[in-house]
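Trainee: Going down the list, the protein sequences come from chains C and E. Read in the working numbering, the first sequence has 227 at position 227, and its numbers run on one by one without any break. Read in the working numbering, the second sequence has 54 at position 54, and its numbers run on one by one without any break.
No wet-lab data here; the hints were simulated from the structure. It should be emphasised that the depicted structure is a prediction, and the values quoted were computed from it without experimental measurement.
In silico EDC-like cross-links for lysine to aspartate or glutamate, where the CA-CA straight-line distance does not exceed 16 Å:
hint : chain 1 : residue 1 : chain 2 : residue 2
1    : E       : 422       : E       : 233
2    : C       : 181       : E       : 115
3    : C       : 215       : E       : 112
From the derived model, a few chain E residues whose C-beta atoms are all more than 10 Å from chain C:
hint : residue
4    : 58
5    : 212
6    : 256
7    : 362
Where is the CB? At the ideal position from N, CA and C, for every residue including glycine.
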Amino acid sequence: MAVANVVQAVTMALRQELARDKNVVVMGEDVGVNGGVFRATDGLQKEFGPNRVIDTPLAELGIVGAAIGMAVNGLRPVAEIQFSGFMYGPFDQLLSHAARIRGRSRGRFTCPLVVRTPYGTGIKALELHCESGESLFAHVPGLKMVVPSNPYDAKGLLAAAIRDPDPVIFYEPMRIYRAIKQDIPEEEYFVPLGKANVIQQGDQITLIAWGAMVKTCQEAIEKLNGKYSIELIDLRTINPYDAETVLNSVKKTGRCVIAHEAQRTCGFAAELIASINEKVLLSLQAPVVRVTGPDVSVPFAKLEGYYLPDVSRIIKGIEKVMSF
Amino acid sequence: MPYEFKFPDVGEGIHEGEIVKWLVKEGDKVKADAPLGEIETDKAIVEMPSPKTGTILKIHVQAGGVIHVGEVMVTILEEGESAEDGKKHLEQKASATSPAPYTGSVVGFVEEAKEVSPIYGTKQQAVPAQQSAGTMATPAVRNMAKQLNVDLNAIKGTGTGGRITIEDVQKAGKGTVQTAQAAPAESPGFKKVRKYDFFGYVDRVQLKGIKKATANKMAESIFTAAQLTNMHEADVTDLWALREKEKPNYEKEGIKLTLMPYIVKAVAASLMQHHNLNASLEGEEIVLKKYYNIGVAVDSEEGLVVPVVKGAQNKDVKTIAQDIQKMANDVQTRKVNMMDLKGGTFTISNLGSVGVGFFTPIINYPESAILGVGRMAEKPVVRNGKVEIRKILPLSLTYDHRIVDGAQAARFALELIRRLEKLDFENPEVKEEH
Chain C
1 MAVANVVQAV TMALRQELAR DKNVVVMGED VGVNGGVFRA TDGLQKEFGP
51 NRVIDTPLAE LGIVGAAIGM AVNGLRPVAE IQFSGFMYGP FDQLLSHAAR
101 IRGRSRGRFT CPLVVRTPYG TGIKALELHC ESGESLFAHV PGLKMVVPSN
151 PYDAKGLLAA AIRDPDPVIF YEPMRIYRAI KQDIPEEEYF VPLGKANVIQ
201 QGDQITLIAW GAMVKTCQEA IEKLNGKYSI ELIDLRTINP YDAETVLNSV
251 KKTGRCVIAH EAQRTCGFAA ELIASINEKV LLSLQAPVVR VTGPDVSVPF
301 AKLEGYYLPD VSRIIKGIEK VMSF
Chain E
1 MPYEFKFPDV GEGIHEGEIV KWLVKEGDKV KADAPLGEIE TDKAIVEMPS
51 PKTGTILKIH VQAGGVIHVG EVMVTILEEG ESAEDGKKHL EQKASATSPA
101 PYTGSVVGFV EEAKEVSPIY GTKQQAVPAQ QSAGTMATPA VRNMAKQLNV
151 DLNAIKGTGT GGRITIEDVQ KAGKGTVQTA QAAPAESPGF KKVRKYDFFG
201 YVDRVQLKGI KKATANKMAE SIFTAAQLTN MHEADVTDLW ALREKEKPNY
251 EKEGIKLTLM PYIVKAVAAS LMQHHNLNAS LEGEEIVLKK YYNIGVAVDS
301 EEGLVVPVVK GAQNKDVKTI AQDIQKMAND VQTRKVNMMD LKGGTFTISN
351 LGSVGVGFFT PIINYPESAI LGVGRMAEKP VVRNGKVEIR KILPLSLTYD
401 HRIVDGAQAA RFALELIRRL EKLDFENPEV KEEH
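Isolated chain C (complex conformation):
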């Protein structure tokens, strides 16, 4: 066991996979000599050499494009895009190629690619460094979308993502990169993709979140201090999401609040609510409430507190559903 924060857990997973399989390749801007803007690849180039841990030019489109070619030809590239705000250049590569290789080749090829990228606001970073675009990627068939909320899951999910035969977007929540430490196994383990985590069981209301918002939800639950029996679900994988866990929970509790950092319109909560309405409408005792960022670009540092859903807004959402 080793105490690790989320960044260190990511490094552990990368080191483990680099050592296990010579086809695994880490690539990105400053991931090698420098060790990564958030230190996620610190020391890996020294350990595995510049052919396995590759410093790329400052060109996101090229990084992902090259990684797709490598993946189709048998490597297992793990590309780092320094901030999720730079994902929209290579979005075309992901949508038009990575996500379609399997279908395009009638199943003869897959694209075992992982794109890691830090996302989210709340750390007073600069413009384009703070977005939460998970639902953009979740909308693309053929792309898997994963968001860990803690070091244990970060290591287990990343290892699973690297071994997955299809392209996985691995969203790392910057806000909790170092804010959560856990004593996690040094040996190999996996957190399966597509499985949600019921962090806490309850029977009055289901609270769903992912990424850094899970921590905020935990703080809200702590502040409510047992007022309601809350079932907290960490979705962990956005696409394909664990419908069984979500729907069973809502069926049991009859009430649901979904919290996400991303903007409200077409945020992933909308998809969850649609499924809840389709499948378990008859068990609902109140309309499902969304606690989300507003429909604006993430504002600059000074105003980000107004954007980011906080403990009080989540409690307000819970009270609204409970008092319906």
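Start from chain C and add chain E according to the hints.
Mentor: Using the frame of chain C, we list chain E on its own:
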């Protein structure tokens, strides 16, 4: 001034470091570039070289402590500065401590965990209870249960898959409420008012009173009657002269004489020969009115009001002038008798006083026509092959084409103009059968 050595922003996402050990202590003399101590970042342990030659005045963070970017690690008394300078400096600093200002960085401020958290969730993922599915009911049923004060948990559903139906709730709620579908309680109702729309700020004025009545009336008129407007010019040079002549006489009786009483009188007389313009449509019938009640639109603070000169055909110009003046007065002082506003058969609207020439008045429905009087102006006109300057009055006649044909309207207008030009205010000889 003593030099404050701050932990520099070394980039690479490093925000803090731990002081491993100091190689100097307070009071020691140091040379520039000589090592001061060792500091550990995420990346490595590094030696800190002294930026200055001088004496160590104060070590701010002890070995084992954590230092953040921008915080002072050590204060160095430079060569040539006295111990007194150093003391003063430290005192000043102690009294006014300000946090390092945020200088902005791509990686922002990433919070550091203070304690180790347990692994989330239970290792043995408890299978989400496949127990009872709970109560199954649509939102509509739940709403009715709430209205009827029925506890859904106490009912056994008879619908598909044990679903509770509307009938189940009604049966359970029997006796509590007479009608099955209790009306949802009126919400105390507060209205959301936005002070802006998509393009900017706006004011919202409640449509009420006369303005509301006018709005409804105008909409009813324009969507019901097939309206079109003929435009004519009347030469009122002689009428103007008559009015100028009579004016002083009227003034003696406190009447302000305008052209309007003459126009009202001429309209009433003309209508007696053109009943279609003094009519209304009721279903399949045209109702031709044998009384000539001429409304005169008056602009008031509250909105547009139309007092009616009743039986204008039987009144002389002076009486009409008196009627108009009194009613207009009543309107302005808001004392107008409701009966004075009813019973009109034809309306005259005057925008001449505010400078309008021709316009397209909207019929005061269910009347069949309205006359718009414009601003009288002197114009060059041709009379007997010569250009003369005459006083010309623009007239706009809107009529309901369902009742009145264009030519009928024009003939009425020509008759009206003839009377205004010839100063003929006598009623025509019409055989009335009543």
